[in-house]
Amino acid sequence: VTQFTKKGAIVSDKTPNTTSRRSFLRGASLGVGIPVVGGLLAACTQQLAPTPGAPAVQMQHEEPAAPAGQMTFDEMDAMHEAGIKAFVAGGQTATLGNQPLEPRLDGNVKVFDLVCSKVQWEVTAGKFIEAWTYNGTMPGPEIRVTEGDTVRLVVTNNLDESTAVHPHGVMVPNNMDGVPFVTQPPIKPGETFVYEFVAKNPGSHMYHSHHNSTKQVGKGLLGAFIIEPKNKAQDPAYDLDYTIIMNDQNGGFTFNGKGFPATAPLTAKLGQKVRIRYMNEGLLIHPMHLHGLPQLVFARDGWNLPQPYMCDTVNVAPGERWDVIVDCSEPGVWAFHCHVLSHAENDHGMFGMVTALIIS
Amino acid sequence: VTQFTKKGAIVSDKTPNTTSRRSFLRGASLGVGIPVVGGLLAACTQQLAPTPGAPAVQMQHEEPAAPAGQMTFDEMDAMHEAGIKAFVAGGQTATLGNQPLEPRLDGNVKVFDLVCSKVQWEVTAGKFIEAWTYNGTMPGPEIRVTEGDTVRLVVTNNLDESTAVHPHGVMVPNNMDGVPFVTQPPIKPGETFVYEFVAKNPGSHMYHSHHNSTKQVGKGLLGAFIIEPKNKAQDPAYDLDYTIIMNDQNGGFTFNGKGFPATAPLTAKLGQKVRIRYMNEGLLIHPMHLHGLPQLVFARDGWNLPQPYMCDTVNVAPGERWDVIVDCSEPGVWAFHCHVLSHAENDHGMFGMVTALIIS
Amino acid sequence: VTQFTKKGAIVSDKTPNTTSRRSFLRGASLGVGIPVVGGLLAACTQQLAPTPGAPAVQMQHEEPAAPAGQMTFDEMDAMHEAGIKAFVAGGQTATLGNQPLEPRLDGNVKVFDLVCSKVQWEVTAGKFIEAWTYNGTMPGPEIRVTEGDTVRLVVTNNLDESTAVHPHGVMVPNNMDGVPFVTQPPIKPGETFVYEFVAKNPGSHMYHSHHNSTKQVGKGLLGAFIIEPKNKAQDPAYDLDYTIIMNDQNGGFTFNGKGFPATAPLTAKLGQKVRIRYMNEGLLIHPMHLHGLPQLVFARDGWNLPQPYMCDTVNVAPGERWDVIVDCSEPGVWAFHCHVLSHAENDHGMFGMVTALIIS
Chain A
15 VTQFTKKGAI VSDKTPNTTS RRSFLRGASL GVGIPVVGGL LAACTQQLAP
65 TPGAPAVQMQ HEEPAAPAGQ MTFDEMDAMH EAGIKAFVAG GQTATLGNQP
115 LEPRLDGNVK VFDLVCSKVQ WEVTAGKFIE AWTYNGTMPG PEIRVTEGDT
165 VRLVVTNNLD ESTAVHPHGV MVPNNMDGVP FVTQPPIKPG ETFVYEFVAK
215 NPGSHMYHSH HNSTKQVGKG LLGAFIIEPK NKAQDPAYDL DYTIIMNDQN
265 GGFTFNGKGF PATAPLTAKL GQKVRIRYMN EGLLIHPMHL HGLPQLVFAR
315 DGWNLPQPYM CDTVNVAPGE RWDVIVDCSE PGVWAFHCHV LSHAENDHGM
365 FGMVTALIIS
Chain B
15 VTQFTKKGAI VSDKTPNTTS RRSFLRGASL GVGIPVVGGL LAACTQQLAP
65 TPGAPAVQMQ HEEPAAPAGQ MTFDEMDAMH EAGIKAFVAG GQTATLGNQP
115 LEPRLDGNVK VFDLVCSKVQ WEVTAGKFIE AWTYNGTMPG PEIRVTEGDT
165 VRLVVTNNLD ESTAVHPHGV MVPNNMDGVP FVTQPPIKPG ETFVYEFVAK
215 NPGSHMYHSH HNSTKQVGKG LLGAFIIEPK NKAQDPAYDL DYTIIMNDQN
265 GGFTFNGKGF PATAPLTAKL GQKVRIRYMN EGLLIHPMHL HGLPQLVFAR
315 DGWNLPQPYM CDTVNVAPGE RWDVIVDCSE PGVWAFHCHV LSHAENDHGM
365 FGMVTALIIS
Chain C
15 VTQFTKKGAI VSDKTPNTTS RRSFLRGASL GVGIPVVGGL LAACTQQLAP
65 TPGAPAVQMQ HEEPAAPAGQ MTFDEMDAMH EAGIKAFVAG GQTATLGNQP
115 LEPRLDGNVK VFDLVCSKVQ WEVTAGKFIE AWTYNGTMPG PEIRVTEGDT
165 VRLVVTNNLD ESTAVHPHGV MVPNNMDGVP FVTQPPIKPG ETFVYEFVAK
215 NPGSHMYHSH HNSTKQVGKG LLGAFIIEPK NKAQDPAYDL DYTIIMNDQN
265 GGFTFNGKGF PATAPLTAKL GQKVRIRYMN EGLLIHPMHL HGLPQLVFAR
315 DGWNLPQPYM CDTVNVAPGE RWDVIVDCSE PGVWAFHCHV LSHAENDHGM
365 FGMVTALIIS
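Protein chains in written order, with my numbering: chain A, 15 to 374; chain B, 15 to 374; chain C, 15 to 374.
There could be a bad hint or two in this list.
For chains that are exact copies, the list does not tell them apart, and a pair is met inside one copy or across any two.
What the hints assert, rightly or not - Simulated pairs of lysine-lysine, DSSO-like, Cα-Cα distance not exceeding 27 Å:
| # | residue 1 | residue 2 |
| --- | --- | --- |
| 1 | Lys141 | Lys229 |
| 2 | Lys141 | Lys244 |
| 3 | Lys124 | Lys202 |
| 4 | Lys99 | Lys202 |
| 5 | Lys99 | Lys229 |
| 6 | Lys202 | Lys132 |
| 7 | Lys214 | Lys283 |
| 8 | Lys214 | Lys99 |
If you're looking for bench data, these hints aren't it; they were derived computationally from the structure.
Model, not experiment: these values are computed from the prediction.
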């Protein structure tokens, strides 16, 4: 029976592991009890800068090449491990969506130029899809302003069908609302339309197409629209600010336009408080489960809740935004994924809506 | 670069729009910056009374006649515009579901007669489906009583299969609960069953079939059951009271039995407070997104929340009811739809779960 | 018109029911107005002990033998009634999932031995599926400890593919988190792995496979992990404690591994307070609707809410746990089911995610 006391050790009938219980307990207190974790932790904390030109991983996690029943368990495990290793190595795609867009100033107006065009977008290493984008990325650039700012969006349509931009959740005058034939004419191919309004309501919002929207948003015409409050003390304190935009059409199940292992991990130092802004631009719910640490939910659709509450799984429905704080009180590589398991793992390993919060 | 300063104007390479920025800003302050909006606003505010006998619109939004790839963008836009115009014109169906049913009095008992029968129900202009109904409409009539009232439902089954009525969310004695073989025998074709109980718990409830219910509720055997509180001050103040019952089986994606453009807009005057009661009788979630204005969520399943909260997207799961208040502080035609975009728009324009809140 | 005043009585044109209204009102005050209910109430209150060896019901609720259109309404009603009768008779399967597992003690450590193996699992009477289980049941045994306990899970893998156990919602050191290639190597067939940690955060949690998890959790590798608080006064008071684990893959729509009519009813005495712990291990949402009585929602994912609230339909997304209290203030057999109706009833009667709260 003594073999059962070896916490964290694999004990097989053939090759009993002789690591002492004490060494594992020591490891446990650091949250890095076995070598594979320590290596991953070290590797991932340096991986937010992508690696252009890295060789493409051929494995397609969401499109199994052979029925699982024909794999041995060792072959299956090897595919799972390859996915984790590719994630550790930075996911190996050269592009990033949801990157900050610096406005140009026209007097006191913050001007953001958005050009709609089609690009080939790399969802996972070597897997390219046709995306319809703002400024060439899926999601489009992050627009971030401060409550009270006057904001101008100059939208040029280089697609081959009409479009329009709806500032989702942002309280704008009606004629800036972006609904063709209701608040404006559609922006036809080759045309430019100018939206201008004062950013009144702070919080985590979005912008996306409101014309042929099932297709256009699905194809990638979406982005984050964040309005910082004038009084930052109205939000809980935090050290780091991450946004996760979910989509489930073009490119499958994605966070910020990437599927695992190309998803970027969230990194933090022990003791930091991380704000996460969830935004669902897909057609399905995505209950976001963080391992190991609770999430303090404090805002819904940009509006602070009268009483924040704790949970570990935040269900995000299409169109919703939720803001949470995670207190990074325990080191380690914490899996972080949609808990609709079929959006996250199959016989060939993890894919789609999977990332990690890495606390070092 | 000057062309970019023309807020709200389309700027094309071929036909530059010369409207000055000032005129658009002036329009913006009214929320009616461009002609198409003003016309829609004027038209829609008078359209709650349907137009019997109006010519049917031939366009079927949810059943595209040709693949989108074969349309030019102008053809696509024309179809989108036709949907909006049909909505402005009143949707052109002659019937309305969810209409108040005046009770007859038997002493102090409020008696509601409900007859189950099949009808041909017009979901959008010219598109008829077989609906199973209470009193000939889908949803059935709205039952509205006051807390403490004694209520009698006299249900006659003129269908060709058995049925039963469950007062969903209403706290009734067990033998009035409407579950065949558990609390009562089924009501067989040709039979009548009488439900009677005191309306104890105020709020937004429902009534629907609880026999072969996936089919029978899907087919239309459903309605709103609203119990007004004795003390109206327990709810937030409001000027107008709207109910939106969602279904996603018979007739596709519907609000109160109609798909866009036959859905009725909600209308209000600037400054009014509108109460909206969401009720989901379908099989899917429907996150209800209102443009431009936040929703104050104050009751769930008829029970007032200890602390109301704000959001712009209210996710309504099957069987749930949510009550919200919208403060109509900004004029305009505000799109209002399920944010599962595939329930609301396709290549041929908006359809299904789309309506508008029109504030004038 | 007098026939309409016979509350609770079926009135047919051919065989008028002559029961007086007074007798039904008397019945109503007891919530047991008609004989079928009284019998069910009596029968069900004694049915939690299953009946081994009972003859299997041949009727397959979720697999209709003939199109509904070919049934008469009497034939359809007979199938519905047969389901209710089978439920009353105890569901007639010999096994139960989610049963308490008594730990063995190693010093002050509570040790739970879990063996992964495949079994034939009876979902409804006579319907067997291949389940992947912990200790031979689907769900696996309930693990219940107290905040501050040191817990050891000794997991032996007798399956033919690798696995790992994730303590979902439990705050553990990272190397005890159960994610292969991230926090540990996979547990290969024939191997044993030992998890050990202090149970820090009280509440309703779960344990399940985190390797090839869509399949493995779907197949049954899941169970409840409940941590009682040291200070029981932090939770609302309750007399009875039930857990409902939902799954929607293996065996269809199940509560604790059984589909209706094999689901176990919840029983209580009038005036008791019942705690229900909902846990969703499936891929779909399941809005749990209780008839007749509201649910006080007081905890989410094991974390007590700052302000509990009332409702009658608790939407449970994959990975979520919700804790509620039901005050059993009204006697009767209260239907209790997922309100996605297609998870609960078809032409052949109720099936899947249906049970009852029986208050006597």
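Quick rundown of the hints versus the structure:
no., hint, in the structure
1, Lys141 / Lys229, "both (20 Å within a copy, 25 Å between copies)"
2, Lys141 / Lys244, "neither (42 Å within a copy, 51 Å between copies)"
3, Lys124 / Lys202, "within (25 Å within a copy, 57 Å between copies)"
4, Lys99 / Lys202, "between (45 Å within a copy, 19 Å between copies)"
5, Lys99 / Lys229, "between (34 Å within a copy, 22 Å between copies)"
6, Lys202 / Lys132, "within (15 Å within a copy, 46 Å between copies)"
7, Lys214 / Lys283, "between (33 Å within a copy, 22 Å between copies)"
8, Lys214 / Lys99, "neither (44 Å within a copy, 31 Å between copies)"
When the structure is compared with the earlier hints, violations turn up for hints 2, 8 and for no others.
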